[in-house]
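Order-wise, the sequence lines are chains A, B, C and D. According to full-length UniProt numbering, the first sequence is numbered sequentially starting from 1. According to full-length UniProt numbering, the second sequence is numbered sequentially starting from 1. According to full-length UniProt numbering, the third sequence is numbered sequentially starting from 1. According to full-length UniProt numbering, the fourth sequence is numbered sequentially starting from 1.
By construction, these hints were calculated from the structure, which means they are not laboratory data. Among the clues, some could well be false.
For identical chains, the list gives no copy identity; a pair is met inside one copy or between any two copies.
The list that follows gives simulated cross-link-like pairs (lysine to aspartate or glutamate, EDC-like), each with its CA atoms no further than 20 angstroms apart [to be verified]:
no., residue 1, residue 2
1, Lys19, Asp63
2, Lys72, Asp166
3, Lys165, Glu9
4, Lys19, Glu9
5, Lys72, Asp120
Here's the letter readout for the chains.
There are 4 protein chains.
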Amino acid sequence: MLLPNLREELLYLHLQLPKNGLVTWTSGNVSVRDVSTGWVLIKPSGVFYENLHPEDFILLDLDGNVLEGSLKPSSDTASHLYIYRHRPDVNGIVHTHSPYATAFAAVGKAIPVYLTAQADEFGGAIPCAGLGLIGGEEIGKLVVETIGTSPGCLLQNHGVFTIGKDGSSAVKAAVMIEDIAKTVWLAMQLGTPIPIPEDMVQRLHQRYTRDYGQG
Amino acid sequence: MLLPNLREELLYLHLQLPKNGLVTWTSGNVSVRDVSTGWVLIKPSGVFYENLHPEDFILLDLDGNVLEGSLKPSSDTASHLYIYRHRPDVNGIVHTHSPYATAFAAVGKAIPVYLTAQADEFGGAIPCAGLGLIGGEEIGKLVVETIGTSPGCLLQNHGVFTIGKDGSSAVKAAVMIEDIAKTVWLAMQLGTPIPIPEDMVQRLHQRYTRDYGQG
Amino acid sequence: MLLPNLREELLYLHLQLPKNGLVTWTSGNVSVRDVSTGWVLIKPSGVFYENLHPEDFILLDLDGNVLEGSLKPSSDTASHLYIYRHRPDVNGIVHTHSPYATAFAAVGKAIPVYLTAQADEFGGAIPCAGLGLIGGEEIGKLVVETIGTSPGCLLQNHGVFTIGKDGSSAVKAAVMIEDIAKTVWLAMQLGTPIPIPEDMVQRLHQRYTRDYGQG
Amino acid sequence: MLLPNLREELLYLHLQLPKNGLVTWTSGNVSVRDVSTGWVLIKPSGVFYENLHPEDFILLDLDGNVLEGSLKPSSDTASHLYIYRHRPDVNGIVHTHSPYATAFAAVGKAIPVYLTAQADEFGGAIPCAGLGLIGGEEIGKLVVETIGTSPGCLLQNHGVFTIGKDGSSAVKAAVMIEDIAKTVWLAMQLGTPIPIPEDMVQRLHQRYTRDYGQG
């Protein structure tokens, strides 16, 4: 049996995407892994955020067999499942085309550490994976190869994937990537941003990981 | 007799324009062709979106004869009718001055395919037509000559026209053009965006057209 | 006696400013001339838009004598009155620091006609006046010298003034200047916008002035 | 005993931050000094703005001893307290990563006076302090060394601190810095903004400080 309220939580997480300006029309999706069964719950394909209901999400096992749900799952489902199979530490995944981050993806560039907020949250550059075909596992493979210890990466010409120990962490990473990408983009129009020295990045990241929030 | 709820649907579609940031003050308009009669329903000229009511829309035949409605129709009416007469596959048309897309129009440039979202939805570059006088059929002619198989095109110095098999498809194309134009615009400030190879564009477009959504 | 509902109308017009993203905190103001008495109603200084009530507006004669109201009037009052004394055709005035238009003002540049929307509404370039001290008539003199037949002008290093035959026309001009300034600004980052030929500007402006809206 | 309603006021001030687009997710914070006791009330670490309640704020003395509150205080608390100890004129402090101002911080540049709104409110350039470690007093020392008579300063690679005679003044300064940073940023993309001569800056600032608002 699924964790109680997992469908309601996934609906809440989806609604954070339009609220934070990360998605347009029906693009983007969130999935969560139910830690009691190992099954994955994901958005249906091409449905408006404001029309989503808890019962619309599709439940699948890690091999892609549909266990619950009558709608067609997101076309990124095989890639989500690939990531879950290869990253047992990941229980939440978010995909968006958020505009500032996707602009870096369109030029195929990682985002260097120019902001303490990025050092805090990401502990290093936000890497950019290559171009992959949508619909199969290819995107998932690129993410697993590229993302390393970062909570997120860019996908060339495409958008953003973020991961987390739960759905909420993955959504937070998706929100923070866009906020950071916007500020770095703005800074790059003013001149050359000042890199944060690597030892300072590590000190900021350790402090944040250890001390920030209510623990 | 018109399809039931066509006026209500057209009101709903109009409200998507300000909601998605595509229009300012009274600019922009949507029309739909009633497939049972071939008649066209369109926005009145210079009316605020928030003041529109279902009965305000003007019903015309394809020659521009007013069949229902006491308000003056949009000044783009003749151009909408021209498009409907020359494109029997089109049953919905949207016109906006959405800012990022119109910026490309002001420099007279098409939008190349740098994003998988554009490959998915448009299957190629978003073309830019020349400058035409507003108020007659001239804009409609430019759109028909330029748009080809794309769901949308730019109009030099002016704005955007999108078309669709129904009003909702045309509105979706108007929303996606602005989203794509914004991200491409952002990418062009970072350097040179990486073009998506033509065969990849076609594979993405075919996959999307065939598989995306609930079918 | 004032026209009935003039205070309510002025409140409504003020609320269009934050709604359209033209003002921040307490900046900006609108005034209207009551055509039955020639008196002017204007915003109090430094009051939040959401806290404004119809009775808060200050009524003055054209010499600046307060006729009704206990609050201190806007620090731009003397400039509004100067414009009303020198432009009998003007019954509404708006002042904002809307960001894109003010960016042009900060470099002291007029906005050339690159967009049909600007040809329609303004019939030419949007001029930029010099730098003036705030608090007296100096800004008003600069506006009268610079604005000509345009519904609006920029003020170097400062912001925007718009005028109209009534308050609503002046607010519309303030909204359209920012929308146009944004799109032109975006276009200038993409390359060199294509100027609209002067005879086309005049044809568009005449058509719009004569035919647009419900008349 | 605290001033009545100080907790409610601090909640209201926090809500101005997301309302004005200055913060993302849980970033940013506001503190106020209670003038009757000298104690400081501050945001808990890592809590969503929409989930804040008046009783969540932590009350501390100037040495950092917690007097009321069960949540962990903001990781910027030591820096807020440092500023209060060294600036007896300051009773409100705001910290944000607002994007346009933080872009200037990422390139380590002060914001020169190109806008009358900046002359009015800040009376000079908005300075930029160096890079400091988060979590201790280091940020507070940088702010005290750098801010001088300005209501706000930038922090290299990091964000913005503003101060005021009360919480509302500090929030106003945080809102105005972002608005000014945005407009100056936009102007710098159009060419070289025109500096306002220093004597004009002083005349504008004196006029504004003396005459603006309801006094």
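To see whether the hints hold, each was checked on the structure:
no.	hint	verdict
1	Lys19 <-> Asp63	neither (32 angstroms within a copy, 39 angstroms between copies)
2	Lys72 <-> Asp166	neither (24 angstroms within a copy, 23 angstroms between copies)
3	Lys165 <-> Glu9	within (15 angstroms within a copy, 36 angstroms between copies)
4	Lys19 <-> Glu9	within (15 angstroms within a copy, 25 angstroms between copies)
5	Lys72 <-> Asp120	between (38 angstroms within a copy, 18 angstroms between copies)
When the structure is compared with the earlier hints, violations turn up for hints 1 and 2 and for no others.
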